[in-house]
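Peer 1: Taken in order, these protein sequences are the chains called A and B.
Taking our numbering, the leading residue of the first sequence gets 1, the next gets one more, and so forth.
Taking our numbering, the leading residue of the second sequence gets 127, the next gets one more, and so forth.
No wet-lab data here; the hints were simulated from the structure.
Predicted model only: the values in this text are computed from it and were never measured.
Be a bit skeptical, because a hint or two may be false.
[Stated by the list, open to error] Which residues of chain B face chain A? A partial, calculated answer using Cβ under 10 Å:
1) P170
2) D201
3) K228
4) L349
5) L351
6) Y431
[As the list claims (entries may be wrong)] Pairwise CB distance ranges (calculated):
7) A:K56 x B:R296: 54 to 64 Å
8) A:K55 x B:G415: 43 to 53 Å
9) A:A64 x B:R266: 43 to 53 Å
10) A:T82 x B:P479: 41 to 51 Å
11) A:T82 x B:T176: 42 to 52 Å
12) A:T82 x B:N227: 21 to 31 Å
13) A:T82 x B:Q501: 51 to 61 Å
14) B:S542 x A:K56: 21 to 31 Å
15) A:K56 x B:Y286: 56 to 66 Å
16) B:P410 x A:K55: 56 to 66 Å
17) B:Y286 x A:E51: 20 to 30 Å
18) A:K55 x B:G306: 19 to 29 Å
[As the list claims (entries may be wrong)] Calculated lysine-lysine pairs in the DSS-like style (CA-CA distance at most 27 Å, straight line):
19) A:K56 x B:K228
20) B:K455 x B:K499
21) A:K55 x B:K210
22) A:K115 x B:K414
23) B:K374 x B:K280
24) A:K55 x A:K115
25) B:K280 x B:K256
26) B:K210 x B:K547
27) B:K455 x B:K374
28) B:K499 x B:K374
29) A:K55 x B:K228
30) B:K228 x A:K76
31) B:K210 x B:K499
32) B:K464 x B:K499
33) B:K530 x B:K455
Backbone N, C-alpha and C define an ideal beta-carbon position, used for all residues, glycine too.
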Amino acid sequence: MKFLFLLLLLLSPMAQAKQLNEGIFAIRSEILGNLLAKELCSCLFVSGSYERFGKKDGLERCYAHASLPISETAVKALVEVTVVGENSVRVEAGPLAEALALKLDFPPAVAIYHKDQPQYGCSLVF
Amino acid sequence: MKISSSYLLPFLLFGVPALWGCSHTSPVGRNLSSAANVPRSFSPDVDWGTSACQDFLQYSLHQIDAPQGVSFNTDAMVVLKDGKNLLEFYDGDPAFGGDANKGLFFQNSVHSLWSASKTITGTLIARALKEGATIPLGDRLTLNTKLDKIFPAKTIFGFYPTPILPGTPRSELAKLPHLGDGNTYAGHYFQITLENLIYMGSGFEWNESYEAGLAESTFLPMLYLRSGNPDMFNYAIHQPIGIEGPGKRYTYSGGNSVILSTILREAYGAQAYAHLPWDLLFDPLDMKGPVFERDGRGIFIGNSYAYLRPLDMASFGQLYLQGGVWRGKQLLDPQWVKDAQRLSPPETLPDTPLSYIVEEGVYSARTFWLNQKVQSHCAEFPHSPSDMYFAAGHYGQLMMVLPKQNMVIARTGHDSEYWSKIDGFVSKAVACIAPERPSKTPLDLEPNCQEGK
Chain A
1 MKFLFLLLLL LSPMAQAKQL NEGIFAIRSE ILGNLLAKEL CSCLFVSGSY ERFGKKDGLE
61 RCYAHASLPI SETAVKALVE VTVVGENSVR VEAGPLAEAL ALKLDFPPAV AIYHKDQPQY
121 GCSLVF
Chain B
127 MKISSSYLLP FLLFGVPALW GCSHTSPVGR NLSSAANVPR SFSPDVDWGT SACQDFLQYS
187 LHQIDAPQGV SFNTDAMVVL KDGKNLLEFY DGDPAFGGDA NKGLFFQNSV HSLWSASKTI
247 TGTLIARALK EGATIPLGDR LTLNTKLDKI FPAKTIFGFY PTPILPGTPR SELAKLPHLG
307 DGNTYAGHYF QITLENLIYM GSGFEWNESY EAGLAESTFL PMLYLRSGNP DMFNYAIHQP
367 IGIEGPGKRY TYSGGNSVIL STILREAYGA QAYAHLPWDL LFDPLDMKGP VFERDGRGIF
427 IGNSYAYLRP LDMASFGQLY LQGGVWRGKQ LLDPQWVKDA QRLSPPETLP DTPLSYIVEE
487 GVYSARTFWL NQKVQSHCAE FPHSPSDMYF AAGHYGQLMM VLPKQNMVIA RTGHDSEYWS
547 KIDGFVSKAV ACIAPERPSK TPLDLEPNCQ EGK
């Protein structure tokens with residue numbers, strides 16, 4: 001198993017090595033989870049994707065338009081995004097990451113939309 | 127031996143996407159090959175069937191299936207010429223050229239401006255200066271107001287730094303005793319002015335990296351980590367001040383914008399500040415539904431998180447095109463608008479290395495990007511008007527002013543490589559919409575600059 005992963009690593013284009021470090025850093029530093037929670041919250045509730053397209057389609061369209069520091073596919077493999085109620089986004093380690101026993105040690109990231117003051121959009125909750 | 131996540135993560139990040147990526151569809155542009163397919167939102171005053179216009183539309187409009195870096199993924203676009211709205215495009219609305227099955231944005235959708243928010247924040251400062259705002263002790267806020275007058279050094283640093291006098295030779299500065307927490311050159315703090323912050327020459331060190339160099343980024347922790355997000359001003363103002371001090375180097379910094387945003391709160395008080403962007407700018411321009419997100423202290427996140435409709439982004443550009451006048455009222459000092467089109471002062475200093483300018487970009491004295499020749503560095507967008515100036519945000523949020531063409535372009539999108547496409551985008555827009563006022567005449571071209579060297 002370890003050999004398989006090492007082989008895949010060796011076959012990976014060298015140019016991606018830097019991105020690899022960036023990705024690992026983004027995840028472990030909690031930046032990725034918080035970034036996703038905040039940006040998806042703003043896309044869904046500030047730009048109106050949730051209201052117009054609903055939870056599932058709205059989220060997919062937001063992913064397609066999001067500015068993510070690592071690939072959308074990798075993001076979806078590593079984290080689970082939940083739209084909570086009509087004003088909140090929660091991001092935590094996804095089942096694939098857990099199944100593979102990855103130590104992703106980041107607490108759930110939560111962003112909320114200020115429904116009563118929509119001019120202030122979304123903010124992270126710490 | 128246990129397989130560590132160091133081995134698994136590379137596979138997840140690159141192996142899996144590479145495999146799944148095989149199913150990526152080929153680029154699917156919308157059919158704009160004939161004038162008959164031009165959306166109703168495109169003015170009949172323009173002949174969209176010309177080859178120049180077809181070229182512009184094919185290049186600039188949304189192709190959501192195209193991989194990043196291949197197409198110019200436009201979410202929305204508005205083009206004004208001579209004050210008239212000539213083109214509106216929204217990627218989710220078929221009536222405006224969009225695709226209902228894939229798009230996201232409509233006429234009334236606001237879009238994140240990302241770093242173009244810095245220009246909004248700069249313009250809020252301009253409005254405050256024009257309105258005669260005062261700082262807490264009653265002095266009028268001016269471009270020369272010292273940061274220390276608003277946020278005294280002792281309250282910032284917890285001690286009173288020994289002031290460093292302007293003009294102190296670098297050799298003397300190098301002898302200063304090393305202080306922890308980046309405080310060695312804190313004595314420069316007393317010389318930092320409001321204007322230094324506006325033109326990104328405050329002297330605070332900063333790294334605005336988003337996709338590359340994440341670990342070195344100072345910008346990302348401010349936005350997304352507990353160490354920065356709850357109190358962004360505190361994070362920004364505690365960045366080390368470099369040895370050179372204010373006014374000597376241009377450093378693109380969201381931290382400066384957050385400090386500017388906080389200065390506005392000090393000037394107006396928390397109650398008025400809560401609706402200040404609306405009172406000073408959004409409402410006078412009749413903007414619909416603008417959003418300005420705030421940090422944990424209620425400070426507007428002036429570097430990244432203003433949201434506007436593209437129509438309102440265009441109005442913002444039109445305000446500048448009209449010399450700061452809106453419906454007969456002078457909202458901005460005309461000198462501010464002129465200064466928006468001249469270089470940031472540090473970029474004009476004789477000892478500023480050319481390599482530094484090439485690396486950092488050509489920035490204006492008032493929070494815009496420029497397309498001017500600097501020293502021997504040719505205009506960055508060689509086929510675009512040399513007098514254009516624009517606000518730009520991550521992934522291609524653009525508010526562009528083209529004085530010679532009397533045009534404004536507002537564009538939102540999601541392109542990681544948008545910067546390299548600006549020249550094609552603008553030059554094609556001009557060729558289509560203002561062919562009588564071309565981007566470049568032979569007189570505009572300087573020796574060795576024709577190919578954008």
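Peer 1: Hint by hint, note whether the structure agrees.
Peer 2: Here is what the structure says about each hint:
no.	hint	in the structure
1	P170	violated (29 Å)
2	D201	holds (6 Å)
3	K228	holds (7 Å)
4	L349	holds (8 Å)
5	L351	holds (6 Å)
6	Y431	holds (7 Å)
7	A:K56 x B:R296: 54 to 64 Å	holds (59 Å)
8	A:K55 x B:G415: 43 to 53 Å	violated (22 Å)
9	A:A64 x B:R266: 43 to 53 Å	holds (48 Å)
10	A:T82 x B:P479: 41 to 51 Å	holds (49 Å)
11	A:T82 x B:T176: 42 to 52 Å	holds (50 Å)
12	A:T82 x B:N227: 21 to 31 Å	holds (25 Å)
13	A:T82 x B:Q501: 51 to 61 Å	holds (53 Å)
14	B:S542 x A:K56: 21 to 31 Å	holds (26 Å)
15	A:K56 x B:Y286: 56 to 66 Å	holds (58 Å)
16	B:P410 x A:K55: 56 to 66 Å	violated (37 Å)
17	B:Y286 x A:E51: 20 to 30 Å	violated (53 Å)
18	A:K55 x B:G306: 19 to 29 Å	violated (49 Å)
19	A:K56 x B:K228	holds (13 Å)
20	B:K455 x B:K499	violated (33 Å)
21	A:K55 x B:K210	violated (38 Å)
22	A:K115 x B:K414	holds (17 Å)
23	B:K374 x B:K280	holds (24 Å)
24	A:K55 x A:K115	holds (16 Å)
25	B:K280 x B:K256	violated (30 Å)
26	B:K210 x B:K547	holds (25 Å)
27	B:K455 x B:K374	violated (36 Å)
28	B:K499 x B:K374	holds (20 Å)
29	A:K55 x B:K228	holds (15 Å)
30	B:K228 x A:K76	holds (19 Å)
31	B:K210 x B:K499	violated (30 Å)
32	B:K464 x B:K499	holds (17 Å)
33	B:K530 x B:K455	holds (23 Å)
When each numbered hint is compared with the structure, violations occur for hints 1, 8, 16, 17, 18, 20, 21, 25, 27, 31.
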